[in-house]
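K.L.:
With the sequences and hints as input, model every part of the structure.
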Amino acid sequence: MEQLVTIELFGQPYSFKTESEITEAKEVAESLVKEIARVETQQSGKASDITKLAILISAALNIANENFELKRNYSNLLQELSERSASLIRTLSANMQ
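Read left to right, the sequence shown gives residues 1054 to 1150 (our numbering).
There could be a bad hint or two in this list.
Result set (BS3-like, lysine-lysine): computed pairs, CA atoms no more than 25 Å apart in a straight line [what the hints assert, rightly or not]:
(1) Lys1087 x Lys1070
(2) Lys1099 x Lys1070
(3) Lys1087 x Lys1124
(4) Lys1105 x Lys1079
(5) Lys1079 x Lys1124
(6) Lys1124 x Lys1099
(7) Lys1099 x Lys1087
Simulated restraints on C-beta separations [as the list claims (entries may be wrong)]:
(8) Gln1132 x Phe1063: 40 to 46 Å
(9) Gln1096 x Ser1073: 28 to 34 Å
(10) Arg1143 x Ser1073: 40 to 46 Å
(11) Gly1064 x Arg1125: 34 to 40 Å
(12) Pro1066 x Arg1091: 16 to 22 Å
(13) Tyr1127 x Thr1071: 49 to 55 Å
(14) Gln1096 x Leu1141: 45 to 51 Å
(15) Phe1063 x Leu1130: 33 to 39 Å
(16) Asn1118 x Ser1073: 36 to 42 Å
(17) Leu1134 x Leu1109: 51 to 57 Å
(18) Tyr1127 x Ser1073: 19 to 25 Å
(19) Glu1055 x Asn1129: 35 to 41 Å
(20) Gln1056 x Ala1090: 23 to 29 Å
By construction, these hints were calculated from the structure, which means they are not laboratory data.
All C-beta atoms, glycine included, are put in the ideal place defined by N, C-alpha and C.
P.N.:
The structure is reproduced here in structure tokens:
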């Protein structure tokens, strides 16, 4: 069932529909809001002509980078678990003979 979630960015409300749990969708939206606020804070002492679009793009790239790193770390973890499992199986097999 689709539900509506509203967030505020740059003083403007934005609503979107979600099919996921409403609390999860709100957490995702809140993480975007927090990242945008973080980028705005970083940029506040720099060029005053930075646009809202540039802030949004920076926030999106930061989130995408974090997602990429998490996927890479997860893949590395799966690889390490696979290697350790294979090693353990070999050790157990050798000791059972």
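K.L.:
If a hint holds in the structure, say so; if it does not, say that too.
P.N.:
For each hint, the structure was consulted:
1. Under the criterion of a C-alpha separation no larger than 25 Å, the hint pairing lysine 1087 with lysine 1070 is consistent with the structure, at around 20 Å.
2. For the given pair, lysine 1099 sits about 35 Å from lysine 1070 by alpha-carbon distance, which is inconsistent with the 25 Å threshold.
3. Between lysine 1087 and lysine 1124 the CA atoms are separated by roughly 21 Å; this keeps the pair inside 25 Å, and the hint holds.
4. Proximity of lysine 1105 to lysine 1079 is assessed by CA-CA distance (about 22 Å); at most 25 Å being required, the pair is judged to hold.
5. Pair hint lysine 1079 plus lysine 1124 holds up; C-alpha atoms about 22 Å apart against a cutoff of 25 Å.
6. For the suggested pair lysine 1124 and lysine 1099, the alpha carbons sit about 32 Å apart, so the restraint of at most 25 Å is broken.
7. For the suggested pair lysine 1099 and lysine 1087, the alpha carbons sit about 19 Å apart, so the restraint of at most 25 Å is met.
8. In this structure, glutamine 1132 and phenylalanine 1063 meet the distance hint of 40 to 46 Å, their C-beta atoms being roughly 42 Å apart.
9. At roughly 31 Å, the beta carbons of glutamine 1096 and serine 1073 sit within the given window of 28 to 34 Å.
10. Separation of arginine 1143 from serine 1073 is about 42 Å and conforms to the stated range, judged on CB atoms against 40 to 46 Å.
11. Between glycine 1064 and arginine 1125 the C-beta distance comes to about 36 Å, which sits within the given range of 34 to 40 Å.
12. The given range of 16 to 22 Å is respected by proline 1066 and arginine 1091, whose C-beta atoms sit roughly 21 Å from each other.
13. The supplied range of 49 to 55 Å is broken by tyrosine 1127 and threonine 1071, whose beta-carbon atoms lie about 24 Å from each other.
14. For the pair glutamine 1096 and leucine 1141, the beta carbons lie near 50 Å from each other, so the given range of 45 to 51 Å is met.
15. At roughly 38 Å, the beta carbons of phenylalanine 1063 and leucine 1130 sit within the given window of 33 to 39 Å.
16. A hinted range of 36 to 42 Å is violated for the C-beta pair asparagine 1118 and serine 1073, which are about 23 Å apart.
17. Checked against the given bound of 51 to 57 Å, the beta carbons of leucine 1134 and leucine 1109, roughly 37 Å apart, lie outside it.
18. In this structure the hint that tyrosine 1127 and serine 1073 lie 19 to 25 Å apart at CB holds, the actual value being about 20 Å.
19. Judged by the Cβ atoms, the range 35 to 41 Å given for glutamate 1055 and asparagine 1129 holds: they are separated by roughly 36 Å.
20. Restraint check, glutamine 1056 to alanine 1090: a C-beta distance of roughly 24 Å satisfies the suggested window 23 to 29 Å.
Violated hints for the displayed structure, listed by number in ascending order: 2, 6, 13, 16 and 17.
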